[in-house]
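Note that my numbering has the first sequence beginning at 19, numbered continuously upward.
Check before you lean on any hint, since a few could be wrong.
Straight-line alpha carbon distances no greater than 25 angstroms define the calculated BS3-like cross-link-like pairs of lysine-lysine that follow [as the list claims (entries may be wrong)]:
hint, residue 1, residue 2
1, K262, K144
2, K227, K215
3, K227, K337
4, K306, K282
5, K605, K623
6, K109, K306
7, K306, K605
8, K404, K337
9, K42, K247
10, K109, K233
11, K468, K247
12, K227, K137
13, K602, K282
14, K233, K262
15, K42, K233
16, K282, K622
17, K631, K306
18, K249, K465
19, K147, K282
20, K227, K249
21, K227, K144
Just so you know, these hints were derived from the structure itself, not from any lab.
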Amino acid sequence: MPDILITRIHADEREERRVTTGTKAWELFAEQPDVIAARVAGQLKDLAHELADGDEVEAVEISSQDGLDILRHSTAHVLAQAVQQLFPEAKLGIGPPIRDGFYYDFDVETPFTPADLEKIESRMRKIVKENQRFSRRVTTDADALTELQDEPYKLELIALKGGGAAEDAAEGASVEVGGAELTIYDNIGRSGDVVWKDLCRGPHLPTTKRIPAFKLMRSAAAYWRGNEKNKQLQRVYGTAWESKEALEAHLHRLEEAERRDHRKLGRELDLFSFPDEIGSGLPVFHPKGGVIKRAMEDYVRQRHVEEGFEYVGTPHISKEGTFHLSGHLPYYADGMFPPMEFEGENYYLKAMNCPMHNLIFRSRGRSYRELPLRLFEFGHVYRYEKSGVIHGLTRVRGFAQDDSHSYCTPEQAPAEVKHLLDFMLGVLRDFGLEDFYLELSTRDESKPEKFVGTPEQWETATSVLERVATESGLQLVPDPGGAAFYGPKISIQAQDAIGRTWQMGTVQYDFNQPQGFDLTYTSSDGSKQQPVMIHAAKFGSIERFLGVLVEHYAGAFPPWLAPVQVQAIPVAERHVDYLYDVAKRLKAAGIRVEVDDSDDRMQKKIRNAQLQKVPFMVIVGDADVEAGAVSFRYRNGDQDNGVPLDDAIQRVVDAVAARTQV
RNA sequence: GCCGCCUUAGCUCAGUCGGUAGAGCGAAUCACUCGUAAUGAUUAGGUCGUCAGUUCGAUUCUGACAGGCGGCUCCA
């Protein structure tokens, strides 16, 4: 039998080997059970893939990102098999891996109940135990159409692939039909029979027993191919990991996220609420939440002024003409509350602040010498959000943007965009967020009716944003079709303390509204010119950012943001007067301090302050009074006893001024 | 908006296979004054989300609506 020469790559080791023709990838990694697939010539392949002369064969370990994707995809197949065994009438949608797990969509008469999920999961465990082999088989469109005639959604995918539209078929659909050739994976049971099969690009684990740990999470409806005009399928979500420990760790992370949920902490810390009487998605801030909100606003207002912005104020409603000029009514009416009619006019709640700022710009003649003119306010906007999307403070119907509009010449625009981006990142860093990436949202070429302006205008605007975003050195992710109707945007995605990303501020380039409002300035040669305007919200929305900060800090805010910075706790009743004197001095230094003079025991007062996540507990007993000192207790339980009063006050004041965490 | 689930005291939850409800925490009052995460006792607090229907009788069953939760779609 003739030999072939291949290169085996595992971890960082490369090794040339001469093997016999017909050797399969698994034979190179037979001693490494963690290797579940191979990358051959850059392509992921099953371990059953037959090697060719000259192939470079790289091990794919189950714990690598590719390995996890394969594991999760294979687990999705097991899910689908279990569902079809238990519900033979279920038709298959798609079943791709996703971040931390997988899903599979099914068309079934009645939605799955939690009890169904338990049954499905135990059937899956049975399939895993059966150690079925995943076996790849190349087929043709014609054969597949016959073989899968009972699977209407698969037929649709094959047809779409024929049209070259596999990538457009649906997010995740490429795992089914994305390959160069059409393949079906057979699941082969112990007896050698095909027990189940699915249209699939692969690759897969060698066998079902190689699934170390999985769990079904929930079921929910999802539109077929992500389009709300299509039928809703039942989607089952699951997660799968390279080990039981990794699965446990994942479930633990979910618990941690739940513990940090700003809706829960907002209630527990008495920060805000959503009274039904007011309406869905309309928060009220309680005194303690109000303190945080004010601290955020005061700081960001000060920073705007330092960066050359001028603070303005505008009303919440306007006659409809304003929103015709801005393009909101023709292009954004669905996002606005319906009008209220009086005195023969329609008034709308504003969904954006830009039209108002444009009117300030237009209130008198403007000179090129004034540009860039930067108008800024905390503008309260109201948007009609569909009932199903409201979510705590991160998705509401009424919110304040720290919104600015920079009016500048087209030549000034790139520098202004850069200025705004740097400013924004600086502000977010001041609030303790460190990891960012950018998203560039552009217009959807196929839906010109949703966007104003000419392709050339969009081209110019997009290239300015793209250039500045690229120069920032941050990762830039494209978001085709995500632009506002009036122009493209860069949005900042920030990662919080446990690695979740949130969309924060945006910078948007707008050539449309200056035209709609007929904004002009007089240039140095005396001619009238049209400015461009750059929209920027740094937090995005104050409400959302506050919600994100609650989760980022798990409610344990740094002192400068904490609603109560110092909780003063007497050891016994006789120490209360001394503490009131201490509190008086702290208040004089601008510190938010409360004295707990309730009849609770001291231990209970400490517990309460701990649960309220107050950064400094100042505890005073006989020894402290005698020494003219106080004792600190921190949230982590650390103590610092007998600190002289002046030093103690300075310590608190310094931590607030430096905006550090304690 | 669509699909599923949920809604009992301020909060977290138990309970009633249809006969108008209970705990812990919280609140108020009283006693206790204590050195680093819960002192004890007493009291108050609910038209069981809203409105209809079925029933002798509905918090419980049915429907509609509102609000919430998990997704989808959409977004700051």
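Okay, the hints, checked on the actual structure:
1. K262 with K144: holds, 17 angstroms
2. K227 with K215: holds, 17 angstroms
3. K227 with K337: This hinted pair is violated, its Cα atoms lying about 66 angstroms apart.
4. K306 with K282: Between K306 and K282 the Cα gap is close to 15 angstroms, so the pair holds against 25 angstroms.
5. K605 with K623: With Cα atoms ~21 angstroms apart, K605 and K623 stay inside 25 angstroms; holds.
6. K109 with K306: Distance of about 52 angstroms is beyond 25 angstroms: violated.
7. K306 with K605: holds, 17 angstroms
8. K404 with K337: With Cα atoms ~24 angstroms apart, K404 and K337 stay inside 25 angstroms; holds.
9. K42 with K247: Measuring from Cα to Cα gives roughly 46 angstroms; hence the hint is violated.
10. K109 with K233: Answer holds: K109 to K233 is near 22 angstroms, not above 25 angstroms.
11. K468 with K247: Holds - the C-alpha atoms of K247 and K468 are around 18 angstroms apart, at most 25 angstroms.
12. K227 with K137: holds, 19 angstroms
13. K602 with K282: Outside the cut-off at roughly 33 angstroms; violated.
14. K233 with K262: holds, 10 angstroms
15. K42 with K233: violated, 32 angstroms
16. K282 with K622: At roughly 22 angstroms apart (the allowed maximum being 25 angstroms), K622 and K282 satisfy the hint.
17. K631 with K306: holds, 12 angstroms
18. K249 with K465: holds, 23 angstroms
19. K147 with K282: Roughly 40 angstroms separates the two Cα atoms, so the pair is violated.
20. K227 with K249: violated, 34 angstroms
21. K227 with K144: holds, 10 angstroms
Hint check: violations occur at hints 3, 6, 9, 13, 15, 19 and 20; the rest are consistent with the structure.
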